[in-house]
Amino acid sequence: MNHRHIISVLVENRFGVLARISSLIAGRGFNIDSLAVGETEEPTVSRMTIVTHGDERIIEQITKQLNRLIDVVKVTDMTDAAHVERELVLIKVATPNAQVRSEVIQVVDVFRAKVVDISSSTVTVEVTGTQDKVQAFIEMVEPFGIKEMARTGAVAMGRERSGKSSRATSEAKVA
Amino acid sequence: MATTLTAQPTTIRPESDRSKWRRDMDGKECTGGAIFVECLVREGVDLLFGYPGGVVLKIFDELYLRRTDITVIMPRHEQAGVHAADGWAKVTGRVGTVLVTSGPGATNTVTGIATAQMDSVPLVVFTGQVSRELIGSDAFQECDTLGITRPIVKHSYMVEHPQDMARIVREAYYIARTGRPGVVVVDIPKNVTSETAKFEWPETVSIRGYKPTVEGHLKSIQRLADAIAEAQRPYLYVGGGVILANAHEELRELVEKTNIPVTTTLMALGAFPGTHPLFVGMPGMHGSKLANIAFQECDLIVAIGARFDDRVTAKLSAFAPKARIAHVDVDPSSIKKNVKVDYPVVGDAKWVLQELNKLVKPRQPNEWNRMIADMKKTHWFKYRHDESVVRPQYVIEKIYELTKGEAIISTDVGQMQMWAAQYCKFDRPRRWLTSGGLGTMGYGFPAAIGAQLAFPDARVVCIAGDGSIQMNIQELTTVVQRSLPVKVAIINNGYLGMVRQWQEFFYSKHYSSSHIAGVPDFAKVAEGYGVKGLTARTHHDVLPVLEEGLGYPGPVFMDFLVNPEENVYPMVPSGKALDEMQDEEWA
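Just so you know, the sequences run in chain order A and B. For the first sequence, my numbering gives the first residue as 1, with consecutive numbering after it. For the second sequence, my numbering gives the first residue as 176, with consecutive numbering after it.
Isolated chain B, as found in the complex (with noise of 0.2 Å):
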């Protein structure tokens, strides 16, 4: 299992694989659907998520034709075929394809679209249009694709001609892993798959407009060694950037170098070891009170490539107060958007890292180190142990140990999202599939399909809850279809946990919509679709349940019934300090 997934790629445009290279094509004359796959196997795709319609037959026609070189997995819902994409390129490193159809097929990917694009994961997704001379005429199945994706894009492109879709397709795939990574949106009419232009693949890219900046300003860099030398209290405030600029290593030894206490944020969980002494949890609204307190009394804050997201910062005029701030990104409008930065760095993660490890100096353990030290005793996460319910922490923490810290996790939106990131430690980088950014509830089933796919032999072991795990639950069909051994546990109270935690504590416990009446037996759900389901009642069914489930060799949907009214504690209340923690009662 482990050894499956150290052979994970570490650069993030893969070789692609020459021999599967159709050379007779080149200078042919050829159909845009032709030309369209031929730049998707000469891309390096060698799988893609897609669901067919009307204006891309001709498209999954080829595709047929050339079905050894390129796998196609087709969800039962165009989302669940954006986030299956997205936690495919998450474990792997590449970026992910999606092909579908016009007009709903296109807006059925919207959320999955934006929830990647806000997390920067790397997509290309490639949408059917109707036919040119339909275009703006209310065709069936028509929608202005490119108008709706607009604002949550990175790039976009419509393909007018046969003879412009290998440069698009080239750029398309260049512009989603380069800089920071974000989705492009490819829209291509149908009349352009079926006209023919001479086949010329581009070897090269260039777009005048867009030069990602990857070497950082080295006298900036050496400012923020000096800046580090200086400090008293340093902090390193660690976000997904580091993970998507493979820089996990580099960091390592910055650490090592410096010894910098870490958090790391709920994008980077894994970008440094869950276990070393010197991480300190994530930070934010449930973060570990150790690295909240720790942002309000250090005096330097060393981000790198995180973005002082709300979520994380609490009351942003109450933020570090202490601390002057050097920012090291990649995208230079994400410096200086949300605070004052005293040290800006643009540049890519791993290229700043390795300058910075040159021109850092040692620095030995201090008052700050063992203060640190000590409270990560005392101020970590923690929750009473009771026998007579099941505890939400004390399923997630089980499946923590008993995967040993090695399997990939995935997790929907809530409650047990926070629990998750809380209770599952990660000791490296691309082995968490959340949706950070936008919260996107239905997430977590469908990235894990796609994470075993990427990794066959890798336990991957989906954290849902009943709700959640109800938006994209049709993905039962894909996993039986492909015999993909994912396992869900579901975190089944009853309730939207986070949305009723919410009204409990500021809207005088009005549970309004925020009880799930009709909750279904999802054991019996999935065995309806011939998968394993298992159920634990009570606090001594957990490990049974558990050990079977994750054991099991193929898929296994486990229902968990937890104890209703649970809430996700330490809490920072919105519009409060980071300092102003709440903790559950008895602790």
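Extracted from the complex, chain A is given alone in its bound form (with noise of 0.2 Å):
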């Protein structure tokens, strides 16, 4: 019932409109993991991705309350859609000596991640991927005592399957 939600919603560039959408989901109640925000390819437009989530009624009633919002020029709910979704996050790793900097590494490596920044007792590591490769990392590194971390939220676009983009299912449809 309850499921994870990814929303993408374009809205209008402008001054505001943030204030807009955070104040609605405060207004509501509505439970909120991350929001990402952006430009797109159309310098008027910023996507918002928003992940989320709810029961079926409650996802329904976000994405209806969203399309409400003038500004807000389109939502689409990608989560039984094809697509692909990255987030990016920054971890600072305690590393006191060269033996766990090393096994610190040795976790970058298999997990693809990159080391962004060294000192002689911390290692800074960008990760990128879905929630859950970034989740396992974090599992990983955990033990050797994390002392930041910056996540940037989820941010997800539609798969393009032979020159069509697959669409998501429930453009906040009611009828």
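Be aware that one or more of the hints could be misleading.
[Claimed, not checked] With a straight-line cut-off of 20 Å between C-alpha atoms, the simulated EDC-like cross-links for lysine to aspartate or glutamate are: (1) K512(B) - E56(A); (2) K386(B) - D55(A); (3) K64(A) - D506(B); (4) K512(B) - D55(A); (5) K386(B) - E12(A); (6) K64(A) - E759(B).
Please keep in mind that the hints were generated in silico from the structure rather than gathered at the bench.
Fit the two chains together into the complex; they arrive one by one in their own frames, and the hints show the way.
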């Protein structure tokens, strides 16, 4: 019942829109796991990717309420459509000595992550992937001690099949 | 009186009077203030409620120059100005306009905005703002108006440059009146009113994120028609959306074709004739027993422009256990918000009803109709006649009888609101003004002022409480200044009656802060403002006071000193199911 959903929202790229969306989410008591915002190929439009969870009724309300906002151009629930999804995470791991450091770097290699900074006592790693992969990586380095972490939240895009993009099923349709 | 009312517009966008257009402004460099006022004229605005202040002086100066085109009504408090625009919008079916200054002017509108938005009343509220370079500096009379109002509006704008003025004003009115109507706030910084731009009037409006559905899906309407044909005990649950869509005639046609009993919500009184044999009264917490039992017994609910509010459904898990539910609404988010829906139809109520009337099969009255007709005799609103006290129900019943159901009635919020809804019948829409969603005390008097301004010859009666009238009593000045013959009937019981009723039932009769000490002599207060004041102290005073007051050509305050500890019945206690209604003890 309580499924994870990834909802892509195209909005007018203008002052105050993020405030409208977050005010709606807070005011209606919806639970949000992450929210990522950025410009699209069309400079007047931004894409917000919202990861949330809830039963069918709650997700339907979220998409409908988002659609009600004048500044929202389009709402797509990507969950059931073929899509690619990525999140980028920066993690600073404690590495008090050379042995720990090399153990951490082994994990980094297996996950095809990247070391982006290094100091005498820490290694900062960049991991990109799906939520599962990111989560698995975090669990692997947790025993070493995570000093700091920054996550972007997921972004997603529909897969293209022979020139046609795979359309998500529930573009907030009702009837 | 009645003739003025029948002349009310049936479309919500009036044709703008093009003879008022300043064509010479087209393509010319003009100030933001001049553009603003010209845009209002072109939108068809001929009356607005405005309270001036520092940052909107340029606009008020332009309004002075255009005073033959736009009448500015000054309320005595900005909240009352918004309620007045709300009442005006409800009776005319047009978009109401409000103009206030920044800071306190803007914050005073907040209650009015939330009230109108909850009841889907189309308004555009223009708020002044400090100059662009001062925004964010905690300047004098600065506040983040858009931030404060964001959760209670349909949409909002800040006009950052004078060249954006025309487009934004046009979009604001378009958004306010289309789809599910609502409130649009437009914040105008002071510098924008004096800076100049080339005036270009956008003939059309196009907003890519806003395309309200008007035409319902024909297949979904066919499914609804089939469901009606199959139902044995169908029931029409009509909400304010039918009035907003001007769909009352289509509704009546549907009922005459199908003989389906009709309940109209508090917001929808008048959407279907209150005197019609198939009308079963208002539903919900203080609705008729008949309307509530019909919900519990029917096998199909056809909801049109209603939203399954908690005051209507009572305990949701016990609501309409035998029924399948059809829901017609212009707002997709309204459907399946509170209840599971079997037959959803997204579309404008008028459009959908027109199509449904073509598709639906005529239905003959059956056992269900006979049951409803029988129960109407026994399960209707009633009170025990008692001449030893002034019973508030009696006062309201007499207001209805003396005005022959022709008056525009506004109410405040609380017990008298419920009695008014129970004992006044409305045969036509747009004559009933009440704050249903937000439940705002102090709404009735200014709303009546708005209605009277729209229809100067109509009889407008505000039914108020001694608590709520004091929330906007300063509007007596507006009534005097504008010579508005508004009749105010104060149901004066010395209590916040509905609060006291709940304290009696659920809080061990601890009348905590509900007793209103120091209630003034309202007749004298009225006289102090130059308004006629009358007082009824006994049952036998009621009729003479009403006859004199309602017959008087100017504004009147009528103070009815009613039995203090009256309760509104029937009542579904909070958390109970609709068929667990309580009656007055004797009943």
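We went through each hint and held it up to the structure:
1. K512(B) - E56(A): With Cα atoms ~12 Å apart, K512(B) and E56(A) stay inside 20 Å; holds.
2. K386(B) - D55(A): violated (28 Å)
3. K64(A) - D506(B): Roughly 9 Å separates the two Cα atoms, so the pair holds.
4. K512(B) - D55(A): It holds: about 13 Å lies between the C-alpha atoms, which stays within 20 Å.
5. K386(B) - E12(A): Status holds; Cα separation ~15 Å.
6. K64(A) - E759(B): violated (43 Å)
Of the numbered hints listed earlier, those contradicted by the structure are 2 and 6.
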